[in-house]
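> Please build the complete structure, drawing on both the sequences and the hints.
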Amino acid sequence: MFEVPNITPAIPEIFVFSMACVILVLDLYLSERLRAVSYVLALVTLVGAAFLTLSDFSNTSITTFSGMFVDDAMADVIKLATYVLVFFVFVYSRRYIQERDMYRGEYFVLGLFGVVGMMVMASAGHMLTLYLGLELLALCVYTLVAFQRDSAVATEAAMKYFVLGALASGMLLYGMSMLYGATGSLDIAVVNEAIGHMSADDLILIFGLVFVVVGLAFKLGAVPFHMWIPDVYQGAPTSVTLYIATAPKLAGFAIIMRLLIGGLEDLVASWQDMLIILAVLSIAVGNVIAIAQTNLKRMLAYSTIAHMGYLLLGIISATPNGYSSSLFYILVYAFMSLGTFGIILLMSHAGFEAERLDDFKGLNQRNPFYALLMLILMFSMAGVPPTLGFYAKLSVIQALIDVGLVWLAIVAVLFAVIGAYYYLRVVKLMYFDAPEVDEPIAAGSEMQVFIGANALAMVLLLPWVGNLMAVCAMAIKGLA
Amino acid sequence: MLLESVNLSVAIWLPILGAIAILASGSDANAQRVRWLSLIVAIAEFLITIPLYTRFDKTTAAMQFTEFHTWVPAFNINYSLGIDGIAMPLILLTSFLTIIVVISAWEIIKQRVAQYMAAFLIMEGLMIGVFSALDAILFYVFWEAMLIPMFLIIGIWGGPNRIYASIKFFLYTLLGSLLMLVGFIYLYYQSGNSFSILDYHQLPLALGAQILLFFGFFAAFAVKVPMFPVHTWLPDAHTEAPTGGSVILAAIMLKMGAYGFLRFNLPILPDASHELAGFMITLSLIAIVYIALVALVQEDMKRLIAYSSISHMGFVTLGFFIFNAQGVEGGIIQMISHGFISGALFLCVGVMYDRLHSRDIKDYGGVVHRMPIFAAFMMLFAMANAGLPATSGFVGEFLVIIGAFQANVWFAVAAGTTLVFGAAYTLWMYKRVIFGKIANEKVETLTDVTPREILFLALLAFAVLLMGVWPMPFLDVMHASVDNLLEHVAQSKLP
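From first to last, the protein sequence lines stand for chains L and W.
For the first sequence, the positions run 1 to 480 when our numbering is used.
For the second sequence, the positions run 481 to 975 when our numbering is used.
FYI, nobody ran anything at the bench for these hints, they're computed from the structure.
The structure displayed is predicted, hence computed values, not measured ones.
All the pointers check out, no bait thrown in.
Heads up, simulated DSS-like pairs for lysine-lysine below, C-alpha to C-alpha not over 30 Å straight-line:
id, chain 1, residue 1, chain 2, residue 2
1, L, LYS361, W, LYS648
2, W, LYS590, L, LYS361
3, W, LYS911, W, LYS842
4, W, LYS842, W, LYS648
5, W, LYS922, W, LYS590
So these bits of chain L aren't anywhere near chain W, every CB distance computed over 10 Å:
id, residue
6, LEU41
7, PHE51
8, TYR131
9, GLY351
10, LYS361
A virtual CB, placed ideally from N, CA and C, is assigned to each residue, including glycine.
This is the structure in structure tokens:
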């Protein structure tokens, strides 16, 4: 008997997908002058999706499409943050892509399809759904990286990204097939159920788990599976780096939660050890190698690797408290990263990429306000109070100490000090050095407002940091 | 009543909001307006903190002017403020010295005036926050946030080697503070999910845990004090910082380390404090004697005063870890007095530096012939630094030495040598710089202090003398709190 599935939980996905298709077609008929229509429509799509998700927001978990699609509080929180992040990404990118002949409808369409991919990842109840979302996102991003067709660097980055990304997807799929062999299902809830009746030392399960973790670590960029991150971050057009460095991290967190916590929770003893190794290596390698960089985008790539290590710390603690601290961490990180790459976009202009560290010399003399914003972002990245970045680090370290992993907390703290050095160096360049060029920084007014709000939020949201953490805790509670 | 309940928050946020207004409105084009605005904010802030003294209840050791708002319920972090007799004088010291710093920078800082003034005002608010926080995380936030403006002050307006000094300063203190944070989180779980500092005072802890926590806190506070052997950032930071930065650094930021020992190590970890008292006293005595000898051979005036600061702060920590009322009270008096004296000496060097752009002793000589009024002021501060009776420097050192005598005669003897060495390095520097023949044609061109300079020197001279001849107002307010603290230290908290 055929039953029509309940499509209401998936309405935001359907909406974004349809709108992306509409923009794709409409854009064919738009002249160059009217390109702004695609841009505005893309923004409207995100706002509309936010309304749809909010109107449907609830604490209860609803599954549909025979358990392939889950709509719970964590998915909704991640989706909402994704809309906001991508909205900012589009606003920040606009002038940059205009100046580089990338201002085309496809840019926004690919961005929106990527959003659909991330939404599907956040709501995946089945390993195939999860894989579908992951690949949809990945294909969009590969294309975006190569969007500047005549740039050799970007093409090389896209190639690397594609090859390594395909390899990672293969690993993940292989791991999933092992799990399927062991449990007889790809439905995450069923897998979880089946593992509960099996021995946690089952060889095939562990085998599958290893491949799944490797695949996830690849996607997240945790050491030793991080090689693609610096090249892609540096090679991609900055507006695309901005896209990669923000929302997909949230989706990555979501699939970790779905797979490791939702599906493989009973194997916690095994994956906890693997994640500890990944986390310690990421924090150490990321923070130390970042010191040696002279290219800001590359430095931020290594900083991302380190931040992914901190993100894993909360998951390692394997408590709801730890998961919610990781969610909080990744949310804060995504917005810091958004602001930082936003400033690079702001400083760039036609024919000039502000991606060398030296390009930030004397920024305080050129424009004190932008220097202040970057200062806040850098201290937030370093985890220095009173910025949100501090609370993010505090919460994951607290989760670790809660479960008695004090040594890991101390390692994390020591590397945070090493990490502080290269963030401080940016502040030093901006405030203590004389500028190399003295031309004023041109920026659109909408960009100024958004980037100002983005960076100042790292400090101004302080009184409500408790509420933000409560939202994260609620999102995680719905999961359990 | 209403005013009473909002006082501390206003004292913390007024200068910070003032600083934001100055940053938003000020530029070098209207520097004069920025200066006046900063002065108004600083004076208003001082007036706000005065009621903290006049309305202070001297008879109780309980926290006063308390405020409480929940902040992060998930981790039980609260916006909890309150002060006792130990914190209150330090808050007044902070707001008093900020006025001096603003006046001292008046014509000297010409570039990025708004940022300079704003940095000091923000720092003032944060420092008052440190002294009044009753929640460990709130304390930590203020404590760390302070690093940011200080880092910028040293790095932007500092001397030739400022970049090295500022980064060294930042990383040194950050490392220490983060270990303290780990300690706080450990206490959070031990105390059943509380970050309240006052709860920690009642918390039983095993000796092993106490000792580990002691070293965690020690890492943060000893770096700030700074104690031997983690003092090496201070001479660099001081030498390179602008005058105002040196004043705030020496007068208040160093006191925070000492305050941390009083607020955390002694009452929360009494058994570890007793266990490690010998260690702390040894480090303090090394600082007092050895660093005084190091100060003797310095050729840079600011470096000399920086080493003298370390030596004098050794007195403070010595006083705390002999666990008697004279020692602790003497230590606190020494903290305040050293705030005035070291601030004044750095300002004196600043006055000369503004004229000759040199801090080297050898570039000076015979300054008294050209700057007699200045020489008189500097004489007073040099004498106070050497611990001359009737100046504030005497009271603290005298009390600590009395306290040390009760604990162990040899401590007192070792500490007493500072009266000799302190006099030696201060007065020898004074002699070489101020007296003698006019050393070179640059000194020949010196002009005496301006009314603005007289104003801030006179304010400090008044404070140093007042505290020297009539220390009772300062001692009175802290009696109850110190007695209460000593009761805590005397009680074992082993489970």
